[in-house]
Amino acid sequence: MENAQVVTANMTQNKEQKSKSLWRHAFETLMKDKMAVAAIAIFIIYSIIALLTSVDIIAGDWAKEVGASYSPPSVENWFGTDIFGRSVVAKTLKGTQVAMSIGLFTATLSAIIGIILGSIAGYYGGKVDEIIVWFYTTFSSIPGIMLLVAITFILGKGLVAVYLALGLTSWVSLCRLIRGEVIRHKDREYVHAATAIGGGDFRKLFMHILPNVLHIVIINFSLQFQVAIKSEVILSYLGLGVQGRPSWGTMIDDAKLELARGVWWQLAAATFAMFVIVLSLNILGDALRDALDPKLKGK
Amino acid sequence: MSEKVLEVKNLKVEFNTDRGVATAVNGVNFDVYKGKTIGIVGESGSGKSVSALSIMRLIPNPPGRISGGEILFNGENLLNIPMEDMRRIRGNKIAMIFQEPMTSLNPVFTVGNQIEEVLELHQSHLSPKDRREKAVDMLRLVGIPSPEKRVTEYPHQMSGGMRQRVMIAMALSCEPDILIADEPTTALDVTIQAQILELMNKLQKELGMGIIMITHDLGVVAETCDDVAVMYCGQIVEHADVKTLFNHPQHPYTKGLIESIPSFDSTSGKSKEKLATIEGMVPSLFDLPEGCNFQDRCAYATEECRSKEPSLRPIASEHEVSCFNPLK
Amino acid sequence: MNIWVYVLRRLLYVIPILLGVCLIIFVLFNVVAGDPTHLLLGKHATAKQMAELRHELGLDRPWFFQYLDLVKSAFTFDFGRSWSTKQSITTMISEGALPSLTLTIPGFVLTTIFSVSLSLLVAFYRGSFFDRFSVFICVGLMSISSLAYILFGQWFFAYYLGWFEISGYDSEFPNWIPYVQLPVLIWIILSIGPDLRFFRTIMLDEVYQDYVRTARSKGLGEKVILFKHVLKNAMIPIITYVVIQIPFLILGALLIESFFGIPGLGGITLNAINSSDFPVIRAMTVLSAVAYIIFSVITDVLYTIVDPRVRLK
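Residue numbers (the numbering used here), protein chains in the order written: chain P, 1 to 299; chain R, 1001 to 1328; chain G, 2001 to 2313.
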């Protein structure tokens, strides 16, 4: 038993050193990639804007009339005004809050469901695994848009419904990946070593296996974040989006009546704001994958 | 001495990496003779595989680059000829087999197809039927049972040893002058290893090609090679015929390598008491010491070794060593 | 194992999935969503009216039978009638499928051809400026909302420049061609980003395999290696990726169809969503799930045929 403990201690140490150096290496790789650094900077700026708008430090007066209805871009109003004469810039800024919160909550919710179901299925195997695999295969057979519609019908309209609907429909791919990785890892020596010192299932799963699949979660998080931001537009178009406050989705949706009258600035402002953050998250996701996924190293 | 078919002169290969330029091969010289085998031995990262790939001009570029030297094949410098001409030599005059028989064959083509592809390329006068016949003949030659049947199988239907035989059949199908074998037995079981090496020896006698045997395994060297070059940090540190090298190693590194072979005393029935190891680690190519690259691991290192770089010099006929204090 | 035995086994596995799909749909629409009679009759309906309607819609029957009806509809494709148009849903679907396909098939085929050829080109020039540039363009294209493409495309190319029909449809061949040109173009722009990126990853995965080095050592040229050795290996994941998209073609394109007035299944679904027409939404969901399940079986079977390494156990 004493021997086993020594071996275990060594192994745990090795593993930790290895994973630490992997993270360190990943961080260094990421910092060397100028595009990734720029993407992180943009993400931080958007987050700050979102925070400041939620406490009304910026764009608190978005609902104020600042000019005539549909006035084109000018020196005072860079992106013109909407139908009620409200500043499009202020609305776009305020919309950042909705977009970032949708990204954050959706990605978090889908990560939680994906991690829990995926690791349980992968770790316990057998009947439990079969049931979970059956469940997500079933779930993924139904087109996402239909599930979204059904869930928002049930939950009603509003921001929380959007969070839940998007979160509840986007966990399957992560769940699959986690399940596969957990299966791959659970028979490795270091997990056996953890068994030897009497680690419980929970401890083994969360202390030993999950740190080794964390990179998948992070990569998936940045992906889900931007997918959710894009999905909000579709929900708005379907009339299932957020109500009573500006969002990029509703602004883009408004353009369907505006473009024919030559009012292009709402569409342009919201599309541009969305483009920058989604592009950044895409670039960041790619950079994270290059830095964290050892399989792709050297390509 | 038999006819010289390939001369590698002062070969230099560099790799661009995040940490700067690494010189993986730094001024390597060796010759290949008809019907003879030269072994290139070293640890991983010593530049032996890179040297071999350079002969075929298969160094991935970027990041790799052959930055100097000559590779003379029948008097022609392979590094200067157009790529088209190089392709006519690859697989035809100089062929290569690799370490990983499991992944080196294309999984979605039958082994017959893959052998016939070489013939189609370099022996275009053969009809498809002749090519099939020749493929079957080659499989028979490398000792694959019921080759008529096997020729239509996919690589995954064969064992590792069988696949390496297929690789050999493919490499030898145009009767090349030189066969480069890059760790051909490393991935195989010990019993299969011996079979493959035996097969290569036998085919060399029949076909008379020169073989370059890249390996980290001195056992393989002892079984197959006529000549041996020992590489360390991109340079050849000792070069001799196989008997001399094993019996009178002059470089401390060579001696260390030989002593670290597990051996078995047949009279006492016991293995040697303690296995010798070489202390320390191979220095990083980015951080080579001044003077001799081996100084930090060498028991005989002197002031001279730390300040001056040794170069390969003859100390006996057909025996060269790159050391200021060769062993006696 | 015989391929037919495999097909049969794979089909048997469809049953629990199909039952599960019906269960999820049933739970979402019949149990959790609550009583639809309010929705249909408005706030001022009397209890008697509501009870009558419930009976008419079969909502007063035990849950289990309602569930069985749903499962049955997955096999018979008899989905009842629409609440808003009172039409038979099966007729609506069979009428809507063709217009959808006139848009989605050309879009799908063209996108696949473009992106596979481009991915080969990109793999050939991997690491070059052209490669990095095309990846950046893909990511850029994917970072814009699909709604923005449709809105801008329709306004700029059809309305402002007048190059295409703004909206409308004609079911006679070839009269529908002018109506689908711009929608197909937008479809291609929407899907080329993710497709090309995916195919490029597959190609690059293959380009660095050992067998490519072997092919080079045999004396093969880069083009032969790419078009013969690499492409044949890459075809396995590409076929899987492509085939699994087919069921979504039948469903049409929700947004594009509704904007361009194409009377396809996408438009029908959208109208149903707008008017809370549960039977139609449910029917479309069941239909698409069944199509998806069938095509995932086809994909799996194709996989075993295309890839010699897959041995049936």
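Worth flagging that the hints you see were computed from the coordinates, not collected in a lab.
The C-beta atom is built at its ideal place from N, Cα and C for all residues, glycine as well.
Treat each hint with caution, since some may be false.
[Unchecked claim] Just some of the chain P residues that point at chain G, by a computed CB distance under 7 Å: (1) Ala150; (2) Ile183; (3) His185; (4) Tyr237; (5) Ile252; (6) Ala255; (7) Leu257; (8) Thr271; (9) Val278; (10) Asn282.
[Stated by the list, open to error] Cross-link-like lysine-lysine pairs, in silico, DSBU-like; alpha carbons within 30 Å at most: (11) Lys1129(R) / Lys2072(G); (12) Lys1134(R) / Lys1004(R); (13) Lys1034(R) / Lys1255(R); (14) Lys1129(R) / Lys2086(G); (15) Lys1012(R) / Lys2223(G); (16) Lys157(P) / Lys2086(G); (17) Lys2223(G) / Lys1093(R); (18) Lys1149(R) / Lys1129(R); (19) Lys1149(R) / Lys2228(G); (20) Lys1149(R) / Lys1093(R); (21) Lys2228(G) / Lys1134(R); (22) Lys2072(G) / Lys1093(R); (23) Lys2086(G) / Lys1149(R); (24) Lys2072(G) / Lys127(P); (25) Lys1134(R) / Lys2232(G); (26) Lys2232(G) / Lys1129(R); (27) Lys2223(G) / Lys1134(R); (28) Lys2086(G) / Lys1093(R).
[As the list claims (entries may be wrong)] Pairwise CB distance ranges (calculated): (29) Gln2245(G) / Arg184(P): 45 to 55 Å; (30) Lys2232(G) / Ser74(P): 33 to 43 Å; (31) Gln2245(G) / Ser74(P): 22 to 32 Å; (32) Tyr2125(G) / Ser1067(R): 22 to 32 Å; (33) Asn1080(R) / Ile44(P): 35 to 45 Å; (34) Phe2129(G) / Ala68(P): 25 to 35 Å; (35) Met1281(R) / Leu51(P): 48 to 58 Å; (36) Ser74(P) / Ile2137(G): 30 to 40 Å.
Do the hints match the structure? See the list:
1. Ala150: Holds: closest Cβ of chain G sits about 4 Å from Ala150(P), inside 7 Å.
2. Ile183: violated, 18 Å
3. His185: violated, 22 Å
4. Tyr237: Check passed: Cβ of Tyr237(P) comes within 6 Å of chain G, closer than 7 Å.
5. Ile252: holds, 5 Å
6. Ala255: holds, 5 Å
7. Leu257: Cβ of Leu257(P) sits 10 Å from chain G, so the hint is violated.
8. Thr271: At about 4 Å, which falls below the 7 Å cut-off, the nearest Cβ of chain G leaves the hint on Thr271(P) intact, so it holds.
9. Val278: holds, 4 Å
10. Asn282: holds, 5 Å
11. Lys1129(R) / Lys2072(G): violated, 57 Å
12. Lys1134(R) / Lys1004(R): At roughly 29 Å apart (the allowed maximum being 30 Å), Lys1004(R) and Lys1134(R) satisfy the hint.
13. Lys1034(R) / Lys1255(R): Holds. Lys1034(R) to Lys1255(R) sits at ~29 Å (cutoff 30 Å).
14. Lys1129(R) / Lys2086(G): violated, 69 Å
15. Lys1012(R) / Lys2223(G): Between Lys1012(R) and Lys2223(G) the Cα gap is close to 29 Å, so the pair holds against 30 Å.
16. Lys157(P) / Lys2086(G): Holds. Lys157(P) to Lys2086(G) sits at ~27 Å (cutoff 30 Å).
17. Lys2223(G) / Lys1093(R): Given pair Lys2223(G), Lys1093(R) holds - Cα atoms ~22 Å apart, limit 30 Å.
18. Lys1149(R) / Lys1129(R): holds, 15 Å
19. Lys1149(R) / Lys2228(G): The given pair, whose Cα atoms are some 24 Å apart, holds under the 30 Å limit.
20. Lys1149(R) / Lys1093(R): holds, 29 Å
21. Lys2228(G) / Lys1134(R): holds, 22 Å
22. Lys2072(G) / Lys1093(R): violated, 69 Å
23. Lys2086(G) / Lys1149(R): Violated. Lys2086(G) to Lys1149(R) sits at ~66 Å, over the 30 Å cutoff.
24. Lys2072(G) / Lys127(P): With a Cα-Cα distance of about 28 Å, the restraint between Lys2072(G) and Lys127(P) holds, given a limit of 30 Å.
25. Lys1134(R) / Lys2232(G): holds, 25 Å
26. Lys2232(G) / Lys1129(R): OK: Lys2232(G) and Lys1129(R) at ~24 Å, within 30 Å.
27. Lys2223(G) / Lys1134(R): holds, 26 Å
28. Lys2086(G) / Lys1093(R): violated, 79 Å
29. Gln2245(G) / Arg184(P): 45 to 55 Å: violated, 29 Å
30. Lys2232(G) / Ser74(P): 33 to 43 Å: Once the Cβ atoms are compared, 60 Å apart, the range 33 to 43 Å for Ser74(P) and Lys2232(G) is violated.
31. Gln2245(G) / Ser74(P): 22 to 32 Å: Since the Cβ atoms of Gln2245(G) and Ser74(P) sit about 46 Å apart, the hinted range of 22 to 32 Å is violated.
32. Tyr2125(G) / Ser1067(R): 22 to 32 Å: holds, 24 Å
33. Asn1080(R) / Ile44(P): 35 to 45 Å: violated, 54 Å
34. Phe2129(G) / Ala68(P): 25 to 35 Å: violated, 48 Å
35. Met1281(R) / Leu51(P): 48 to 58 Å: Given range 48 to 58 Å: holds, Cβ gap about 50 Å.
36. Ser74(P) / Ile2137(G): 30 to 40 Å: holds, 33 Å
Violated hints for the displayed structure, listed by number in ascending order: 2, 3, 7, 11, 14, 22, 23, 28, 29, 30, 31, 33, 34.
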